[in-house]
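Here the protein sequences line up with chains A and B, keeping their order. Under full-length UniProt numbering, the first residue of the first sequence is numbered 1, with each subsequent residue one higher. Under full-length UniProt numbering, the first residue of the second sequence is numbered 1, with each subsequent residue one higher.
The set of hints was computed from the structure by calculation and includes no laboratory data. Don't take every hint at face value.
[To be verified] Sample of chain B residues lacking proximity to chain A, with all beta carbon distances greater than 12 Å (derived): (1) L92; (2) R94; (3) L167; (4) G296; (5) D305; (6) K448.
[What the hints assert, rightly or not] Restricting the straight-line Cα-Cα distance to at most 27 Å, the calculated cross-link-like pairs of lysine-lysine (DSS-like) are: (7) B:K448 / A:K40; (8) B:K90 / A:K370; (9) A:K74 / B:K448; (10) A:K252 / A:K377; (11) A:K90 / A:K417; (12) B:K443 / A:K277; (13) B:K93 / B:K261; (14) B:K420 / B:K369; (15) B:K35 / A:K73; (16) B:K152 / A:K376.
Bear in mind the structure is a predicted one, so any value in this text is a computation, not a measurement. Using N, Cα and C, we set each Cβ at its ideal position, and we do this for glycine too.
Here is how the chains run, residue by residue.
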Amino acid sequence: MEAEEGLRLGRSVTELRETFRSGRTRGVAWRKSQLRAILKLIDDHEDAIFEALHQDLGKHPVEVYRDEIGVVKKSATNSLSCVEKWMAPKKQDKYGGGEVGGEFTHSTQVMTLALDPLMGAISAGNTVVVKPSELAPACSSFLANTLPLYLDSKAVKVIEGGADISQQLLQQKWDKIFFTGSARVGRIVMSEAAKHLTPVTLELGGKCPIILDTLSDPSDIKVAAKRIAGGKWGPCSGQACIAIDYLLVEQKFASTMIEFLKKTISRFYGENPKNLKNLSRIVNKHQFERLRNILEDPSIAVSIIHGGSLDEKNLTIEPTILLNPPLDADIMTEEIFGPLLPIITLTNIQESIEFINSRPKPLAIYAFTKNDSFKKKILAETSSGSVAFNDTMIQFVCDTLPFGGVGQSGFGRYHGKYSFDTFSHEKAVLHRSFFLDLEPRYPPWNDFKMQFIRFAYMFDYLRIVLLLLGYKLKKIFSPGHLA
Amino acid sequence: MASEDKKPKAACFDGEAARSLVKELRGTFDAGKTKSYEWRVLQLKSLLKLTKDHEDDIIDALRSDLSKPVLEAFVSEIAMLKSSCEFTLKQLKRWMVPEKVKTSITTFPSSAEIVSEPLGIVLVISAWNYPFLLSLDPVIGAIAAGNAVVLKPSEIAPATSSLLAKLLGEYMDSSLRKWKSGKHRIGSAAAKHLTPVSLELGGKCPVIVDSNINLIITARRIIAGKWGMNNGQACISADHIITTKDFAPKLIDALKVELVKFYGNDPLASEDLSRIVSSNHFARVTKLLDDDKVSGKIVHGGQKDQSNLKIAPTILLDVPEDSLIMNEEIFGPLLPIVTVDNLEDSFNIINSGEKPLAAYLFTNNKKLKESFVRNVSAGGLLINDVALHITNPYLPFGGVGESGIGSYHGRFSFDTFTHKKAVLYRSFTGDASARYPPYTPGKLRLLKALLSGNILGVIRALLGW
C-alpha cells in the first residue's frame, strides 16, 4: 500500500516537472489566469467555504470572511495587479521562476494558509502540490474537489491525507517547501528537505505575548479590551499562530483591565457559557483533551478567574482568563493554541522585556502603550517575527509587511511581494562585451601587472595612466614575492 | 619548560566546549554589544587593517596551502575582501535604517516599517580553496548585520586557518571566535534547532561557446576562469565547455596558443599555476583520467607531478557522457569539451543536469543571449566572460537546487544575516467595530468592502445600504 502510494505520488511529481519543463507556467498570461481562477472559485463557492469552515471549526461566517476569504481575495487581487511588475528583471537582476513547490498547510486557517502561499507559488511561475491539513477534513475535501475545476490541474495538485502521506511527499525532491504548522513537525520537514538540499520556509508559532502598559483614558482601555479579546478569542478561539498567547501587565492596572475584558467577552460571546455565540470550537477531541488537562491541573485551576467551563459534546471551551498561573506549568511553557488567556502581573511594565527575552522568540509581539520611548525599547531589545503596537493580528493583512518568524517561530516570509520572492530564485546576470580586454588580467605575472591591478583596485586612475606611460613607481609590496 | 613542551597543542574541542563557546557568545549578544553601529564599524575597520597590515603573511599562507601565485592571491582573495569590507563600511548606515512601507485602507489609520535586526549567533563554515576570502567575506556580512560570529575555517588549508586564528584574536573583538574541528553534517543538524542556513555549494559550471565571438579574447577569458582560478579548484570556475562540432577545433587551437603564452611550454614548472590542494584531491582528479575511454580523449596537456601535487592544464574532447568526469564536479585543471550539432541543444543538456552555481555563454548573438538568460537555470549567469560576476556587489551570489540555498555579497550579505522584523503602528482611534462580535450581516458587508479596498462600498456599508 505504502509503496503504491509512493509510486502514485512520484508520478504526480513527474507530471508536474514535465509541465514546468514545457514552459507553460512561465508566461504572465498563465499566472494571471490561475490567480483569476482562484478569485472566481472563491466568489462561486463562498457559501460552500463558509459551510466547510463551520463544519470543521465552528467558525462564524464573519470570522471566515475577515480571516480567510477576504484575506485571500485581497491577496489575489494584489498579486494580479503586481505580478507583471514583480516578474520584470531588476536592473541588478531578478528572474522569477522556480520549479516544483510543495506546500503543507495548517488546520485552523485552512483557506488562507492553503491559498495564500499557493498564489505566491503561482505568481512566481511554479507548479505546486498542496497538502492541506487532515485535521480540517471538510476544508481539505473542498480544496481537493474544487481546485482542479478551476486551476490548471497539470500544474496544481491537491493531495489529501495524514502524516503517512506527508512522509511520502517529503521523500520526493521539491524545489521549495512551504510549511505552516508546529515546530515539532517543522523539524521533520526541514530534515527531510535537507536530504535534497531543498530550501524551506517554515511558518511556525510560539507564545505571542502582549505587553499591556497602564492606560488612563477609559476610551483607550475600552479599545484595548476589544482588540485584546479580538486577538485572543477572535481568531479560531485562540488557535492561530499569531493569536495572543499570554498577557503582561502591571499589578496596579491588572484588575481594571480584567473587568473591561470580562465585559467585552460577555458582549462578544454572550453570557451563557452553554450557548456561546461567535466563537469557533476546538478543532478536535485530541486538542480539546490537551486543553482540558491544562485547565484541570490543580496548580493551574486555582488561577482561573473567569470562564473555565468546557462543553465536550460541542468541543467548545469558554473564553477563560487565568491570573498568574505557575510559570513552569505547561500553560506558560508550551504554546497554548486555545481560548485560555494567562495574565502575568509585573511590578513595572519594563520587566516585560526581560520576561519575553528569556523565552523563545515568538512570531509576534503585541504592545499597547502610548509611551514612545517604551515602543523604541521594545523594538530594539526584543526579537520576534513582527511587532504590532496598539493592535493585534492586524499586521497579517498588511501586504507590504513581510510575514514570518525568527528563531523558534520559523524562518522565511511571505505576503504580497514576499510571497513571489519566496518562491523565486533571484538569478544574477552579468553581461560583458569583447571590447576592452585588459592584458594585466592574464599570466604570466610580473611586477607591472601587479602594480596595475593594485591601482585598479584603488581606482587610482592617475597612477594607472602613469604606469602605462612607463613611469617607474615606488614599489608598494615587499620584494621577494615576484622573481 | 619540559612540561610546557608536553602540553597538547590545542585543547580538544568537544560538545562541552562548543556549548560553552556558544553560551558565552550568547551572553555577549544578549548584552547588546554587537548591535550598535559603532561596534560594527570598529570591527569592519579592524578587519580592513588586519588585511592591510598582514598582506604578506596572508600571501605566504596561501602559497603554503595552495601554491597560489601572488597575483592570484592578491586579486581573488585580498583585493576582493578589501572591496567587500570598504563597500560595506560605506553602505552600512543606510542598510541599518528601518524601511518605511505603505499601508492600505484595510489597516487605516496605521504606519508600518521593516526593521533589520541581527539573528544572534552565527556560524560560518568556510572552504579550503579561497580560505581567506570565503572565511572573512561572510563574516563581514554577519558583523555588519550585528551578530556574534563563530568561524570554522577549513582544516584542509591549515596555514591560512592558523593565521586567521592568530590575527582575528589580535584585531577583532572577542565576539568573533574561531574554532578548529572536524567535519559535520550541516543540514540535519540545523533542522534540529530550526536554524536557517545558507549553503554555498558547487556544481558543474558549463561554458557555452558560439562561433560568433572574438576567439582570442574568449580563449583568454576561459583560461583565466579555469586555470587562473586556483587551477580549476573553484566553485565558479569553468567545469566544461559545450560548443559545436565545427567550431571545436578552432577553439582548441586558440586555447592551446594562449595556454602556452600564459604558462609556457612546461606548465608544471610555471609559478603562475596553483597546485592541487592535497594528495587526496590529487588522487581524486587523476582518477577521473584513469578510464581509457577518457584518457584517450586528451587533446592537450595531461602531465602530472605527484610529488609537487601539480597537474598541467588538460583539455579533452568528447569524453563519454556517462564517464565520471562528466558526472562529478571536476574541481581541477581538466577541461572536457562536449560538442553538439546545434548550439541551442546545449540548453537542454544543461537543464537535464543539476542546476550549477554559474553558467557562461560566449556569443555576440542577441537572441541567443536572451534565450540563454530565459531558459537556463543557475545561481548566476555571465555572458562573454567567466567568474567575474562575483566582483559585482550589487548582484546576489548564490546557488539554486543542488548548487545551494541563499545568497550573499554586498547588501545580500547584510540581509542574509538579518531578520527583517515587520512593525505596524496603530493608534487607539479609528476602531472599526465590524471586526468584533457580535457578528452581523451589516458587519460582513463592511468587512467585504474594507478588505477589497472598495471605498464606495465602505461608505455604503457604513450608511447601512
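Hints and how they fare:
{"no.": "1", "hint": "L92", "verdict": "holds, 17 Å"}
{"no.": "2", "hint": "R94", "verdict": "holds, 16 Å"}
{"no.": "3", "hint": "L167", "verdict": "holds, 18 Å"}
{"no.": "4", "hint": "G296", "verdict": "holds, 29 Å"}
{"no.": "5", "hint": "D305", "verdict": "holds, 18 Å"}
{"no.": "6", "hint": "K448", "verdict": "violated, 6 Å"}
{"no.": "7", "hint": "B:K448 / A:K40", "verdict": "holds, 15 Å"}
{"no.": "8", "hint": "B:K90 / A:K370", "verdict": "violated, 36 Å"}
{"no.": "9", "hint": "A:K74 / B:K448", "verdict": "holds, 10 Å"}
{"no.": "10", "hint": "A:K252 / A:K377", "verdict": "holds, 22 Å"}
{"no.": "11", "hint": "A:K90 / A:K417", "verdict": "holds, 14 Å"}
{"no.": "12", "hint": "B:K443 / A:K277", "verdict": "holds, 15 Å"}
{"no.": "13", "hint": "B:K93 / B:K261", "verdict": "violated, 47 Å"}
{"no.": "14", "hint": "B:K420 / B:K369", "verdict": "violated, 35 Å"}
{"no.": "15", "hint": "B:K35 / A:K73", "verdict": "violated, 40 Å"}
{"no.": "16", "hint": "B:K152 / A:K376", "verdict": "violated, 35 Å"}
In the structure shown, a violation is registered for the earlier hints numbered 6, 8, 13, 14, 15 and 16, in ascending order.
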